[in-house]
Structures are given as C-alpha cells and as structure tokens.
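Participant: Just so you know, the sequences run in chain order A and B.
First residue of the first sequence: 3, per the numbering used here; consecutive thereafter.
First residue of the second sequence: 53, per the numbering used here; consecutive thereafter.
Everything labelled a hint here was simulated from the structure, so no lab data went into it.
There could be a bad hint or two in this list.
[What the hints assert, rightly or not] Derived pair list, reagent style EDC-like, types lysine to aspartate or glutamate, alpha-carbon separation capped at 16 angstroms:
(1) B:Lys127 <-> B:Glu138
(2) B:Lys188 <-> A:Asp47
(3) A:Lys56 <-> B:Glu184
(4) B:Lys127 <-> B:Asp431
(5) B:Lys158 <-> B:Glu138
(6) B:Lys188 <-> A:Glu48
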Amino acid sequence: MFTYIGRRLLSSIPVLLMASFAIFALIRVLPGDPVSVLAGPDARDEVLLAVREKYGLDKPLLVQYWIWGSMVLSGDLGTSLLSRLPVARLIGQAFPATLELAFVSFLVTLIVGVPLGVVAATRANSSYDQLITNVAAFLTGVPGFWLGLLLILAFSVNLQWFPPSGRIPLFSDFTGAMRHLALPVLSLTPRLIAVLFLFVRSATMDVRRQDFVRTAISKGLSARTVSFKHVLRNALIPVITVLSVQFSRLLAGAVVIETVFAWPGLGRMLVNAVINLDYPVVQAALLLLVGLFIVLNTLTDILYGIADPRIQVGASASR
Amino acid sequence: MRKRARSIRNIGAPPAFALLLVAILTLGQFGFSQDPQYGGVLRVGQSVDLLSLDPHEDNFADGAMLHQVFNSLVKLSTEDLEPQPELAESWQFSDNGGTLTFALRKGVLFHDGTELTASDVAANIARVQDPEVGSKLRSGSLLIGSVETPDDHTLVVHLTEPTPTIMDFFSKLMIAKPESLLDPTRAVGTGAFSFVEWVPGDHVTLRRFDNYWREGLPYLDGIEIKILPDEESIVANLRAGAIDMGRRIVQSAAENLANDPNFEIFVSPHGSVYFSLGFVVTSPPLDNRDVRRALNMSIDRERFQTVFLKGFGTTTCIPWPKSSPAYNETLATGCYFDLEGARTLLSGAGYADGFSLTAEVAPTVTPETLRLLQLWQQDLQQLNIRLDIQQISGAQYSQKKQAGEFTQIWADSFSGTNRHPAIPFLSSRPFMPGVNPSHFASPEYDALIERLTTEQDPEAMQEAAQEMTALLANEAFINPYMSKPGIWAYTTRLHGRSEDIGERDILEQAWLERP
Chain A
3 MFTYIGRRLL
13 SSIPVLLMAS
23 FAIFALIRVL
33 PGDPVSVLAG
43 PDARDEVLLA
53 VREKYGLDKP
63 LLVQYWIWGS
73 MVLSGDLGTS
83 LLSRLPVARL
93 IGQAFPATLE
103 LAFVSFLVTL
113 IVGVPLGVVA
123 ATRANSSYDQ
133 LITNVAAFLT
143 GVPGFWLGLL
153 LILAFSVNLQ
163 WFPPSGRIPL
173 FSDFTGAMRH
183 LALPVLSLTP
193 RLIAVLFLFV
203 RSATMDVRRQ
213 DFVRTAISKG
223 LSARTVSFKH
233 VLRNALIPVI
243 TVLSVQFSRL
253 LAGAVVIETV
263 FAWPGLGRML
273 VNAVINLDYP
283 VVQAALLLLV
293 GLFIVLNTLT
303 DILYGIADPR
313 IQVGASASR
Chain B
53 MRKRARSIRN
63 IGAPPAFALL
73 LVAILTLGQF
83 GFSQDPQYGG
93 VLRVGQSVDL
103 LSLDPHEDNF
113 ADGAMLHQVF
123 NSLVKLSTED
133 LEPQPELAES
143 WQFSDNGGTL
153 TFALRKGVLF
163 HDGTELTASD
173 VAANIARVQD
183 PEVGSKLRSG
193 SLLIGSVETP
203 DDHTLVVHLT
213 EPTPTIMDFF
223 SKLMIAKPES
233 LLDPTRAVGT
243 GAFSFVEWVP
253 GDHVTLRRFD
263 NYWREGLPYL
273 DGIEIKILPD
283 EESIVANLRA
293 GAIDMGRRIV
303 QSAAENLAND
313 PNFEIFVSPH
323 GSVYFSLGFV
333 VTSPPLDNRD
343 VRRALNMSID
353 RERFQTVFLK
363 GFGTTTCIPW
373 PKSSPAYNET
383 LATGCYFDLE
393 GARTLLSGAG
403 YADGFSLTAE
413 VAPTVTPETL
423 RLLQLWQQDL
433 QQLNIRLDIQ
443 QISGAQYSQK
453 KQAGEFTQIW
463 ADSFSGTNRH
473 PAIPFLSSRP
483 FMPGVNPSHF
493 ASPEYDALIE
503 RLTTEQDPEA
513 MQEAAQEMTA
523 LLANEAFINP
533 YMSKPGIWAY
543 TTRLHGRSED
553 IGERDILEQA
563 WLERP
C-alpha cells in the first residue's frame, strides 16, 4: 500500500509540472495587463514601467516561469499583485473556509443520500421509491444559487433565523459557525444528495439481483443486515467514484454559492484574482487544486481496495 | 429632528428627486435631539473588497476604512472646497506662492503609540512620488519639488511652480507610519480607529483608538466592514439585521428600502461619479467636430435617467457640478437630445447617409454605461448610424485606456471634477493632455490647463475654467451625460455619519442609538 502511495505521488510530479506550466501560460493568454489594473487607468507611463519592473513582469515569460517555479519549490508562493499580501496567507485564509463548507456539505450528503438510496432500492417501485426518485430528479435540476436566494429571503430576511452571509471559523465559535454554515450547506446539498441517492439506488438494485444476496436472504439474515452489510458494501464502488467527483466539485466549484453567501472561500478568491489578473494568486490556487485532486484520486483508489478487497491497489505495479 | 427619507418609489422625475434631496439635507441641519451615546460596533456592508491596506493607493473601494484609520494634513470643506485643519493646525503660502509651510498639530499619536513628526509626513510624500510604488496620488505629488523639516512640527514644501491645487493633494494624502508601509499586512495611522484585521473577501475589523487626538471621539467601540457579493446582498443583510449600514447601493435597492421605517436612505449631494462617452478624434468620421457634436446631441440623457437610474442622478453635458467655478448652466444643458439638430449637423458634415461606429465598454466595471450604449444604439439607427458595441473585461479596458487603443468610442466613468477645476487635467486620463484616449490635442487646450493650474486669483481662475468648459462642449471629445450620486442605506439607530467630497465615509462622530 505504502509503495503504491509513494509511486502514485512520484508519478504526480510530472503532472504537477505540466499543470503548472499550463496554468502559468493560460492566465497570461487572458486579455489585459495586470500592471494597468495595479497602477490604475490614470497612471502615467513611467509609473507603469517602474511597476512592471518591480514585479518582474518585464522579463521574458520563460524567465518569469523559472522564477515562480523556483519560489514555489522553496515554499514561497509569492505576493499578490493587488493586495501585496503573501499568497500563502491569502490561501491560508480562504482554503479552510472552502474545506469547511465542502466537508460539512459532503457529510450531510453522505448521511442523507446513502440511506435514502438503500431504502429506495430495497422498496423498488413502491410509492415511497417513486416519490423519492421523483423528488431527486427534480432536485438535480434546481440551481443552487436560486435555492440560496430563496433560503436567504425565507430564513434570513423574513424569519431572521440564520445570517444571510459571512463565516465564523468552526473552532472559534461552534454555534455561530453552524448558524453561518446552515444556509450555504442547505443550498449546496439538495442537488448532491439527489445525485448520490440516484447512484446508490441504482447500484444497490444491481447488487440485489446477484446470487450472493439471494443466498444471504435464504440464510435468514435480516433485511437490514442484507441491505447494509452485504448489498451496500458491494454497491460502494460506483458510489465512491461519484463521491470523489462530488467532493472535487465542492472544493473547486462552489464559487456560485460562495458568492451568494459571501463565503470567503477559495473559489471566490480565485474568480476575483482572475478578473484582476492577479497572476501569483491564480497560479498558486490552481496548483493547489491540481495537487488536491491528485491526492483525492489516490485516496479514491485506496478506498476501492478497502470497499472490495478483490481490487488490490497497486497490484499490477508490484507484479 | 431626525432626517428621514420617505418613499421614493414614485419619484421618477429629477425635480422631485432634487426636492427630496434638499429636504434631506435641510432636515439634517437641525441635528439630533439626543446626545451621542458611546459604545457599539457599527457593521458596514459594501460590495467591493479593499484592494490593499496601502492608504496611498487612493482606491474607491477603501471608502469605508480610509478616514477612520488615517488622517490627512487638511480636509477640504464639502461646501466651498476651502482647506480645513486636520493634522496641520495651520499653513501659510510664501508671497510668491512657491513655498507652503505647515504647522503640524502637537501630541498626535500613531496607533503604535509613537508621535507624528514632520519627518513622517515627508516620508509619506517621498513614497507617493516614487514611481515604483504606483500610487494614484503621484501626479499631484509631482507639484512638490522638495520638502524640509526644520523641526518636528514644521513642514516646508517647495513647489515646482506656484499652484493652488496643491491643497487638493494634501487633502488626499493620508499619513501613515512610514515603517508600517513596508508591511502590506499593517495599516498604522493616526485616525479615530485602529486597524485590527483584514480577511480578503470577508471583512475588515477596526477598533476604537483611545488616544485619538480629537478628545472624546470616537463614540463607537469599533467598525466591522463586511464584504458582500452585490447590492442585493447588502439589502438582504440590512433587512436581516446583519449590517447597520450599506454603502453605495443601487437605485432599485434604495427604492426597495425607502418605505421601510427602520432605514434611512442618504443620497450624497456630491455626485462625484460621471458617466461619459469618449470619442477618438483621430478616427474618421469622429475627426469631424460637427459629427462629434451631432452624436453628443443624439444621446437621450433624460430617458437613460428615467429608465435605468430611476430618476437618480443629474443629466448633464459638462463634467462639472453646480458648485464648481467651471460650471455653466447653458452649456450643461446645451447638448440635450435633439435628433433633428443632429441630422442637420451630420448633413452639413457630409454624413447624411450615415456610417458605422464601434464602441468599447467594460460592463463589469460600469454596467450603466452598457445600458446607455444599448439605448443610444436605437436612437442612432434613426440617423442611419450603426453602432457596434464591444464588451471587454475591466482589465482589458484599463489597458486600452492607458495605451490609447480604443477604436472609436469608449464608454467611461470618471470622478474628481468636484474638486479644483485643474485636478482632472492633472490626474484623470480622459482629460490629460498628450495621453488622453481620445487623442485630443490643441495649443488652446494646453494653454488653458496651464492657466487653470497656476492661476491664484480666484476670479481669473474662474474665467479660465469657464473658457475650458466652452472648449470641452465645443470639441465634444469627452461627453458626460450623467453624474451619479452614491446612495447609502442605514438603520435609523445610526447618527453622525458624514462624508468627504469623494463620498468616503467619516465615522469618527458616528454613534449608534441603543435599541
């Protein structure tokens, strides 16, 4: 296992290198000049020249890439062109917010989506199953931002139960943090729950048709034991895949919800940085996300092996 | 008597709105029947984040924070632009106007506990003059040749040429502890509130400074500035009780809140932002002055104000407010919508059959300008003119503006014309000689700018300013169509808020009534 993880992480180095170059090049393809954003449209030419030189933006692109790459390798993510704050500090402030929102939403999705899917599959084609499946199909089409706005109107403006925006860190004030998390999580999760539910239901129904399930039932095991111990475990592979994709999307794609609820996360920071051509922030944030996805994919592979011991992680590599 | 904005829902016409504004301002003169109360944290919502903590950036986005953390040497009166003492107790120009001596206030402490000295002010001036810093105040600072500090509380400024506009620079130069300017995570000034924290994209926290040089102030314990995604979110937060004051809300939001007895709507009388269309005078047919004037006359300013600005703002043809010595009532309305007049001018210029034009706009920066272009596009069709609207990013727009790369028409906004009439020509690119994106140049223009900048006699300066207004109206290379005021909404519990002529909040006398 550890050899596999080691190999996997080693093989990620060229991926990260290629990604870093692609990120570096892509942000520079965007029209506009960061110096003009930095110095303002009224700045005179001598100011533009001096600022360009100060931030090394007058150097050839490959030299700029080399300087940035060397800095990243030495643990320095650079300085934001706009705020002049260290990029590591900006990411250090935004990433926990994103992780917190993603983790809580993921947890809620898991707790609600999996049991609903298993129960619906167990009672396939019953009125309960039809109701939940229809609701899930509806929820997959509900945009999160629209739901978010409705929730703000209902629970913040009218009822004043939950704050409409902002974040309190989880470890500084747990109750306050949960109150601030409530509406963003409620906006993010219905769609995720619906997708997970449909996957779990479908995978569970497939497994339930297999011989070993009939054997387990004929042995006289309870329906719950059969469902959760035998069926669910075997239905987990596609579920793990969809969960992995969902978590990745939560990390990088919750921008809209972060914007609706003024949640100071990575996605919102990234969008602002792209708009303002803040190269160092965009580069570092995207590189972090690429690294995270590599780690997440490795974890997913390991989970496959745990869910189904027949899948030996890294077996082909060690043979 | 407390000022209170009643319903503005049905106000569509500028006169009615002007009446409302006058009413608000007049009622505000009576002050409050209650004594100010100490304590409480004011929660402010705004839809733009700070760009940095550097006070020399002079950014629009720092309007809630700047005056709370920093002070300038002088403050310009919002009524007559006369300098008022701040960190400088007094000042004196030499007989020839080439030297300005400030006597600094004694006993003023920075938030780190050290005393303000003339050397600190000199270091701030030197910093904004450094092109590497990229300060937006630099053009104003270039009027200063050298600085002397004979003692800790005297600052002698030698000007490159005598100019009254230097006081405008000193009203905008916020004095920070020089050492703190090297650290982008700190903001150390002499203001009523000390800086505690900035979490980009989330909030800024300020705390009462107990050793503030104005005794007894501030009343508030602190200020929390929340960064919200948009104006609608500001309104939702106000209604939910999550913030006490929303800065720069849109007209529709103001309408929305105006009938709510829990909130007051404040419309700034300074109206510092102007929308305009710039014409590149080197690109045919815009090289013809009559074509430019005809196009200016084809902008339906009133319709734009009614449809998109809900009656807010002031339609105009010149870049100056009524309080400016450059203001001219006849010229301010001289270009109003007249399609027949435009058609006559175009025929005279040989363009009766029409032509095609390209306009560039950055809707993410000024969404209003895109709406104006779309409205204008319809009217231009009646003159056989086809307008192609190109939407570009804010960064691209900024670059084109600096490089002078607009094709024909650029939809823009500018500010700062409610100050000394020379200021726009020194620091605002649409007006700057030699580098303006319209590529307009004329010896008469240069000479008028020189007169405006150096003239110390108020009457002679006003004469030059009036000539400049006539030149701008006649040449029509920059065509203002609307000045838009900032709109604030806040809880009726908030009192004592004021602002400078740039519509930046001043909260040292603000206080919150206990619920």
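Participant: Would you mind marking each hint as holding or not holding in the structure?
Facilitator: Here is what the structure says about each hint:
no. : hint                  : result
1   : B:Lys127 <-> B:Glu138 : 6 angstroms, holds
2   : B:Lys188 <-> A:Asp47  : 13 angstroms, holds
3   : A:Lys56 <-> B:Glu184  : 7 angstroms, holds
4   : B:Lys127 <-> B:Asp431 : 44 angstroms, violated
5   : B:Lys158 <-> B:Glu138 : 11 angstroms, holds
6   : B:Lys188 <-> A:Glu48  : 13 angstroms, holds
Checked against the numbered hints given earlier, the structure breaks only hint 4 and satisfies all the rest.
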